[in-house]
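> Sequence:
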Amino acid sequence: MNIVLFAMLGIFIFMMFRRNKKTKEQQAQLQSQFAPGVEVMTTFGLFGRIVSMDDAENKVVLELSPGNLATVHRQAVTKIVEPAVVAEDEPTVVPDDASSLTVGDAGSSSATATPAATAAPTATASTAPTAETPDETLKRLNDEGKKDS
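So the sequence shown is numbered by our numbering: it starts at 186 and just counts up by one.
Be a bit skeptical, because a hint or two may be false.
Unchecked claim - Below 27 Å or equal to it, Euclidean Cα-Cα: the simulated BS3-like pairs (lysine-lysine) are:
1. LYS207 <-> LYS244
2. LYS264 <-> LYS207
3. LYS264 <-> LYS244
4. LYS209 <-> LYS264
5. LYS209 <-> LYS244
6. LYS206 <-> LYS244
7. LYS264 <-> LYS206
I should point out that these hints are in silico values taken from the structure, not numbers from a laboratory.
The model shown is predicted, which means the values in this text are computed figures rather than measured ones.
The whole structure should be built from the sequences, with the hints applied where relevant.
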């Protein structure tokens, strides 16, 4: 019984040291990639670009935005941020007006309208906002409240 207990304790201690060794290796590999101009993230969520590094004092100067500098401890920088890859397959279409946002206009054709919206404008016309008086709005809201109960 005692031998099994000591064996389990030995395995636990071995795993603990192994994990610490892996963590230190990963941190050393990350810090070897630090250089001025690299985009990084700190432990407290600040994103910035490394401007300069002081190895003697373990300090890193980050440029958070143009003209804003922050000095942090070298170990506070925990992640190198890779720039996001933007797919250039399909250009983004931005309309000049709000015509693509309205539903039910049979006369206007929209480049971003879905086939369902163009095929059956009367089915979605009841959900489109219309100009109604305050009395009509109050009556409609009261009627909707009665349906729920």
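> Now tell me, hint by hint, if it's right for this structure.
How the hints compare with the structure:
| no. | hint | in the structure |
| --- | --- | --- |
| 1 | LYS207 <-> LYS244 | 24 Å, holds |
| 2 | LYS264 <-> LYS207 | 16 Å, holds |
| 3 | LYS264 <-> LYS244 | 16 Å, holds |
| 4 | LYS209 <-> LYS264 | 14 Å, holds |
| 5 | LYS209 <-> LYS244 | 19 Å, holds |
| 6 | LYS206 <-> LYS244 | 24 Å, holds |
| 7 | LYS264 <-> LYS206 | 19 Å, holds |
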